[in-house]
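Protein sequences, first through last, are from chains A and B.
The opening position of the first sequence corresponds to residue 1 in this note's numbering, with each subsequent residue numbered one higher.
The opening position of the second sequence corresponds to residue 1001 in this note's numbering, with each subsequent residue numbered one higher.
Source of the hints: derived by calculation from the structure; they are not laboratory data.
Note that the coordinates shown come from a computational prediction; the quantities given were computed from them, not determined experimentally.
Glycine included, each C-beta is placed from N, C-alpha and C at the ideal position.
Be aware that one or more of the hints could be misleading.
Here are the in silico distance ranges between beta carbons for each label pair [said to hold, decoys possible]:
| hint | chain 1 | residue 1 | chain 2 | residue 2 | range |
| --- | --- | --- | --- | --- | --- |
| 1 | B | I1826 | A | E85 | 34 to 44 Å |
| 2 | A | G61 | B | F1333 | 49 to 59 Å |
| 3 | B | R1294 | A | D76 | 29 to 39 Å |
| 4 | B | R1294 | A | D126 | 53 to 63 Å |
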Amino acid sequence: MKIAETENLTKIYGSGEARVIALDGVSIHVDTGEFVAVMGPSGCGKSTLLHLIGGLDRPSGGVVKIEGQDLSSLNDDELTDLRREHIGFIFQFFNLIPTLSALDNTALPLVLGGMKPGEARVRAADWLEKLEVADRSTHRPEELSGGQRQRVAIARSLVTNPTLILADEPTGNLDSKAAQEFATLLRDIVDRWERSILLVTHDPRISSYADRILQMKDGRISEETQNSKNNQKAGNSKKEFVGKKDYAGEDHHA
Amino acid sequence: MHELLLAISYLRGRPIRSIMTILSIVIGVMMMFGLNGMAPALQDLFISSTQAMALSNVDLYITRTDGSFFRQEYEQNVAAVNGVESTASMIARAVALPTDHYYTADGRAISTIQVYGVDTTNTDEAFNIVTAGGRRLTAGRLLQPGDVQVALISEQFAEGLGLGLGEMVRLPGAGGWLNFEVVGLLDDPGLMLGTQQVFIPIPAAQDLLNTPNRINTILGHYAEGSDARAIDAAVASIFDRGYELSPLEGGADVWAALLEFMNVIFTMFGLFALALAGLIMFNTFRTSIVERQRDIGMLRAVGAKRRVVMRTILYEGLILAILGTVLGMLLGFAFAYGARAALGSTFESLMGNQLGQPRFEALTFVVTILFGVGVPLVSVLIPARSASRITPLEAMRPTTIEQEAALKRSRRIIGFVSLVLGLGGLLSGVFPLMALGILIFLLALGLLGPLLISPITDFFSRALLLVFGQEGGLAAGNIARQPSRASITASSLMVSLAILIGLGGMLASTYGGALRFLDASLRSDYIMMPGLIVTNDTLGAGPELAETVKRIRGVEELTTMRQIDILDADGIGIRLIGIDPLNYARIAGLTFIEGDESAYERVQNGNAVIINGRYASQFGIGIGDTVTLDGDHGPAEVEVAAIGLDYLNVKLPSIYMEQTALTREYGVRNDLFLLINSEPGADLEQLEEDLQAATQAYPGFGIISREQLRTSQEQVARGGTIGMNIVLALLAAPALLGLANALGINVIERTREIGMMRAVGAKRRQIRRMIVAESLLLSLMGIALGVISGILLSFVMTGVLEFAGLHIPYDFPGVGVLTAIAAGLICGILAALIPARRASDLQIVAALAYE
Chain A
1 MKIAETENLT KIYGSGEARV IALDGVSIHV DTGEFVAVMG PSGCGKSTLL
51 HLIGGLDRPS GGVVKIEGQD LSSLNDDELT DLRREHIGFI FQFFNLIPTL
101 SALDNTALPL VLGGMKPGEA RVRAADWLEK LEVADRSTHR PEELSGGQRQ
151 RVAIARSLVT NPTLILADEP TGNLDSKAAQ EFATLLRDIV DRWERSILLV
201 THDPRISSYA DRILQMKDGR ISEETQNSKN NQKAGNSKKE FVGKKDYAGE
251 DHHA
Chain B
1001 MHELLLAISY LRGRPIRSIM TILSIVIGVM MMFGLNGMAP ALQDLFISST
1051 QAMALSNVDL YITRTDGSFF RQEYEQNVAA VNGVESTASM IARAVALPTD
1101 HYYTADGRAI STIQVYGVDT TNTDEAFNIV TAGGRRLTAG RLLQPGDVQV
1151 ALISEQFAEG LGLGLGEMVR LPGAGGWLNF EVVGLLDDPG LMLGTQQVFI
1201 PIPAAQDLLN TPNRINTILG HYAEGSDARA IDAAVASIFD RGYELSPLEG
1251 GADVWAALLE FMNVIFTMFG LFALALAGLI MFNTFRTSIV ERQRDIGMLR
1301 AVGAKRRVVM RTILYEGLIL AILGTVLGML LGFAFAYGAR AALGSTFESL
1351 MGNQLGQPRF EALTFVVTIL FGVGVPLVSV LIPARSASRI TPLEAMRPTT
1401 IEQEAALKRS RRIIGFVSLV LGLGGLLSGV FPLMALGILI FLLALGLLGP
1451 LLISPITDFF SRALLLVFGQ EGGLAAGNIA RQPSRASITA SSLMVSLAIL
1501 IGLGGMLAST YGGALRFLDA SLRSDYIMMP GLIVTNDTLG AGPELAETVK
1551 RIRGVEELTT MRQIDILDAD GIGIRLIGID PLNYARIAGL TFIEGDESAY
1601 ERVQNGNAVI INGRYASQFG IGIGDTVTLD GDHGPAEVEV AAIGLDYLNV
1651 KLPSIYMEQT ALTREYGVRN DLFLLINSEP GADLEQLEED LQAATQAYPG
1701 FGIISREQLR TSQEQVARGG TIGMNIVLAL LAAPALLGLA NALGINVIER
1751 TREIGMMRAV GAKRRQIRRM IVAESLLLSL MGIALGVISG ILLSFVMTGV
1801 LEFAGLHIPY DFPGVGVLTA IAAGLICGIL AALIPARRAS DLQIVAALAY
1851 E
């Protein structure tokens, strides 16, 4: 089942001479329990794609559907509800609120959704436990290591039981060991809890954990690679491709 | 130069913050400049009635410093001085009237008649106040020897009264209205609106004013080649009290002092608003430096020296200060002219005089620019210095908002010591220490404010959680993140509210106390007095009025009070009150602070006086000490028998003396107050009618019952409350701007965080609620601290009144506290409007990418 899909998605910034086409007719999908990585050089449009799928921004053209729901039909409040209930976000800079403990940071989306703080904390504690940072739950972000902060950020993204996790360069601020641990964790999220992940990254070691890798260039998907299961689980950076699709030459504007 | 360009680019990059900071300066400058621009016009209005005419060809123009009368024989004494060739007597006396007696032809009320007593026996043209004073005869003749009951008036005055030559003009006199034949008409003198001059022979003036054998001006010529300094010394030896040789100075000292006081108050007001602006700028720049840490680090990394960074920040402050000052002065102009337009007619009807146009003197410009630019610039110094200390390494660190380091130990110690010292001063009971105490106390609150933030936040966050849900909790966390900033923001509100409550408390105590005092001390059933009392310009009534009243059916008894305001040897204004001690004790009575009723007996015998609290405190005098009364018969020492107060005379240092002594030594023959008791069972309606009828002959006199006086005083209290609300509005504005500025900065600083919250599911409404909750929390802190310090301040201010000799019990400023709380909360909500909208309107993607 397609958790997220885009059809002919376009995003244009500015107008006239300053017009920049960030996304140029991108059609992709993420299936249930699938881990998809989007790679590409800076400015190729991968973060824009993530923002549009997450409903953080509105497209200039095309369609985004989450669990079959067309996002263009939703107003701001409905979009906010959808984000909170169906999508989890993981950011490069963790974006934890410095005044809240790890536990309260994790519970934040539930509380914003109207759940009683006590109940929200119980659920948040559960996720911190699963992500092995329960012992840090009373600590504030400044008292946590980079890896721990990112785990708390993951717990926050999962606490509402979303079907889709969107991660934007989540290892950009982690050292190599922590980044590897993080990638393993993402793989676990997909395998153990059957969530779908759409990850934007520069790091091939991280993308090697994905089921599928989408290469972007100039606002388009230029290449799609299917990763073998062996590679994913081993975290092996050496790729054994089970399939590859080259988008070059396809007409996206059809 | 590049520092200036950098500064400009930063300010343009943050337009709203720049505008709000400028606005805070604008308010202070506007108040300082606008109010001081109005002061000269007000001064003109007040002194117009005391200003004498200039006589250019007179060598001597002698008046007493306090404008009071002296015996006419002094003229002979002056004439006898070696070197004085000739002399003339003159009377120049302004008579203030209620505004319903005379009107000009165009219907404007006349409130002051300047009565000139002219020496018709002296034919020296230079001494003729009419012709030498620049007036021109347009019809009839001038005054001449042998004239008795004749007058010269202006054409304009005659037209208003519908009079022609040979007809009778009715002039206000101490013994009632007197008629004078108009023998000449003069051109329009171009005096202040509401003022008219009347020229009559000296004996007629003495009769009119009830000052037999007394004058208040001597004119003279020096003999050719005489030694002016020697003459001055000789003249000085003639007069027992201060005298002036200039026509413009006599009697104007009181007004000059009033104006000076007014200027100080206006400047203080502006300074206070500017100090708040300084506080706001300090806060704004401090937080802006933290926010720009990376930029500044980068500047340092690419080669900017410390002083370049410092200069850039100082330039920013300077640009804002200059813009704020210029704009504030422009608005100050508008404010002054606007106030003139709005209040002009009210003043005209109240004072019977036209309020002049605002005038901006050089000193006003200098003071305004000095403070308008100086205060903000000084406030930016510390932030600029801390900016220059940022190292290039800071540029490499990610901008995260960390919790402020714990309050520095030294600051904490100084704060606690200040608190103890401040409280000590407040409780000392010694006025200067109390005043100092309140300042130190406010300083301590400022220093310790950050320590109080956490407990206050905890205290209020429960309530916020109830009202705002989880957004309230988030707001509390955001505030607690930066206790110093929160405390500075809250303190601008605190200071405003503290002053509001302080003023409110003092007013409440004063009015409450005054009404209780009125009940206790003014026991007579009726008071007969002039409707308008302007110190020595109020005419009073000759003793015949009291005689008339005594004969009215239903009057059981009455007592009279006379008074004169003089300057003592040191130039301090003193009120001498002549009472009829034994009657006074029975009918009205003083409230004794020290001593008792037995003092009346001693005053009656003429060997003692009673002083009021203000006199006792000002001169440090108590029972048994002596005061020197310097009357017509030279200085005489009398003992103080008691210290007491009456309701009518609490503001000036006053001496109660036996009435005939006041008349003998100071020539005061007119009664200013008649305190009347009715007979038991009298027909009060008829009595009031008869009393009213008795006053008809006495210009300006009216009758008021104790109840009516009480009601009118209550109205004054209500007026005071309105005044307090205006002060509140003026004080709340800078606090509001400060709050809005701090919130705006918080929003900018937390842009990415807000973007994240929106991404993970916070609705726009929830973000708005969070910012409003933050604002309310900040204002609640301001309110909490403001209420505490305000109550203390009101206590101290009431104590200051006590020190000034007014014994007023402390009334808790309940209304002030409630108003302050409401004002603070309204401020909190208003301040949040723009920042909350900005925060909720943030584009999520842009916010997430914000650095």
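Going through the hints against the structure:
Checked against the given bound of 34 to 44 Å, the beta carbons of B:I1826 and A:E85, roughly 38 Å apart, stay inside it. Between A:G61 and B:F1333 the C-beta distance comes to about 56 Å, which sits within the given range of 49 to 59 Å. Remark: the range hint 29 to 39 Å for B:R1294 to A:D76 is upheld by a beta-carbon distance near 32 Å. The hinted range of 53 to 63 Å is not satisfied by B:R1294 and A:D126, whose Cβ atoms lie roughly 38 Å apart.
Hint 4 from the list above is the single one not met by this structure.
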